[in-house]
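*Asks:* Chain by chain, the residues run as shown.
2 protein chains.
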Amino acid sequence: MTAALQNDLLLRALLRQPTERTPVWMMRQAGRYLPEYRATRAQAGSFLDLCKNTELACGVTLQPLERFPLDAAILFSDILTIPDAMGLGLYFAPGEGPKFQRPVRSEADIAALSVPDPGAELRYVTDAVSLIRRELRGRVPLIGFTGSPWTLATYMIEGGSSKNYAYAKGMLYDRPDLMHRLLDKLAQSVTAYLNAQVAAGAQALMMFDTWGGILTPAAYREFSLRYAEQIIAGVTKQNEGRDVPLVFFTKGGGPWLEAMAGIGAHGLGVDWTQDLGDARRRVGDRVALQGNLDPSVLYATPEVIRQHVADALASFGHGHGHVFNLGHGIHPEVQPEHAAAMIEAVHELSPAYH
Amino acid sequence: MTAALQNDLLLRALLRQPTERTPVWMMRQAGRYLPEYRATRAQAGSFLDLCKNTELACGVTLQPLERFPLDAAILFSDILTIPDAMGLGLYFAPGEGPKFQRPVRSEADIAALSVPDPGAELRYVTDAVSLIRRELRGRVPLIGFTGSPWTLATYMIEGGSSKNYAYAKGMLYDRPDLMHRLLDKLAQSVTAYLNAQVAAGAQALMMFDTWGGILTPAAYREFSLRYAEQIIAGVTKQNEGRDVPLVFFTKGGGPWLEAMAGIGAHGLGVDWTQDLGDARRRVGDRVALQGNLDPSVLYATPEVIRQHVADALASFGHGHGHVFNLGHGIHPEVQPEHAAAMIEAVHELSPAYH
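If you read the sequences in order, they're chains L and Y.
Under this note's numbering, residue 354 is the last one in the first sequence; the count climbs by one each step, no gaps.
Under this note's numbering, residue 1354 is the last one in the second sequence; the count climbs by one each step, no gaps.
Derived from the structure by calculation, the hints contain no laboratory data.
Remember, predicted model here, so these are calculated numbers, not experimental data.
A portion of the hints provided could be inaccurate.
As the list claims (entries may be wrong) - Derived PhoX-like pairs: lysine-lysine, alpha-carbon spacing no greater than 20 Å straight-line:
#1 Y:K1163 <-> Y:K1099
#2 Y:K1251 <-> L:K251
#3 Y:K1163 <-> L:K163
#4 L:K251 <-> Y:K1163
#5 Y:K1251 <-> L:K163
#6 L:K163 <-> Y:K1099
#7 Y:K1251 <-> Y:K1163
Work out the full structure, taking the sequences as your base and the hints as a guide.
*Replies:* Written out as structure tokens, the structure is:
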């Protein structure tokens, strides 16, 4: 038996139902800006060891909730768990970001990939989801997440982060058939992965399309958005008698919000290069919006932070369907007190808009 | 006496006058993808040595024109010459991009900066412009260029490239007064610098706002666009009896094209995340557009490249005011034959639109 949900603001906001105030959480809220996270991370060994240790992953997921009155928890994990489960050999070189021992470059490489079984190779993720749900005891909903097929493909093909995406873009332009074969396997994998997270207890979902914004408008529709839509069509819509809302976030995707609003996602993440009010006018009442404070605002003083929170709330304006968040993950250099100032300002200033 | 200009397609297109075909040049056309560039670079010593050596800078400027039927030359230099002339100590650490020995972080640092004299500290640039004009013998126009104040400020404050722009964004949000003081000095410096380039023979100008796209819409207007407009107001409008058109390019600035079209620039650079036809509809007949093939298309085969050139030309459509270019600098890994395929396709396919 899972405990009844005491704070469902996030779920209601994503379904564009009335709320008393604007819910708030932060991308990467369990992360390096918190000293208690850094301590657990040191104890765990590598970043990947931390992701794969159910108890510690649960522990760091809950850390920001002990400090701040946040309206959601988000599973502590990495977007690259699926390619790792496909056998690509994920590792994190110090100061260099994620790397794969065996990048995917050829037709044979793609043919050799199989869709991972979420109950086997990815069991550590669903175990963490179940444990976090128990430990949350219904305080706030738990968000599960995944990378988008296109974003996963860029890392898999490049073998890590990239500046110019020479291999991924080369394949996209030269062998679109191969790229589609890869993206189709990834879409199947992501669908099964998200459904396993929901079955284990995830109450909302996020799909991070971190690198969709490097595409042309036509390539974005063909190689990113199309697979996001396919996944959303296959994802469990209800669990434990409640809707399971999904938020789709393409960093740099501001120019394409209208198209993104039509793929069946309940909410869209918006980065700080968009004005929230403009974004709302463009998507109408088709989706909720999540965002979009410039994470760098948290480098400023609490007074300045409060003013920018006020501006963002005013820009979205009156009515429902807004989840307050940063426009990207919180930066590691930010002082936790500055995050607290942002969250406090949302609590204080947002009821006037509802 | 300078030779009469034999090919003025670029100048006419930027002034939205009729042309027989679409002119074409490439950002970073004098660069690492050319073996002859790499040979000169090895001979010069450091990248900065190459920029400061008048003969060699002239030589690499002309190299791509020997290979390809391009419609413009662009001065070989770096966007960080102004901060270097201000005494910040520019250097290029191998594999790490530009760095400054003395970053600008405090009120005192900013107060100590003075506007460089283009005839003294930056004389090597105007000398190169004069020499290139002589060596071009009127074949095509020479484009001079600068970084935008905001873009220069980010490098000066961070001390180099950056991921999160913690120092620059921190100053912007916490001490906007200081940021404005710095940007004002940079705007004065850029104006004098561009005017010196025109006096030395530059026939068109580009302002690269490489990092404008990391700002919020409001901060973009206040900290980037406003200073670009101030510079354009102060730049020489005619020289040698001809208009000197200026192109303003904010990478990632697609959401703000309407605002960019109103600052007095003759042309706007457009990156590949925008559809050219949409961009044209948004700016109307206020400005010419320059762009916007995804530089990664050049990783593909000549046949694929040709198709993407055809798509870009069709997207802009019939009429004048288009300068064909990549949406960003050509990547170092590209084969020169692939650049040739792009340029040839523009020559062959664009007359049908004029």
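*Asks:* For each hint, tell me whether it holds in the structure or not.
*Replies:* Tested hints:
no. : hint                : result
1   : Y:K1163 <-> Y:K1099 : 14 Å, holds
2   : Y:K1251 <-> L:K251  : 15 Å, holds
3   : Y:K1163 <-> L:K163  : 12 Å, holds
4   : L:K251 <-> Y:K1163  : 15 Å, holds
5   : Y:K1251 <-> L:K163  : 15 Å, holds
6   : L:K163 <-> Y:K1099  : 18 Å, holds
7   : Y:K1251 <-> Y:K1163 : 16 Å, holds
Going down the numbered hints, you'll see the structure goes against none, and every one checks out.
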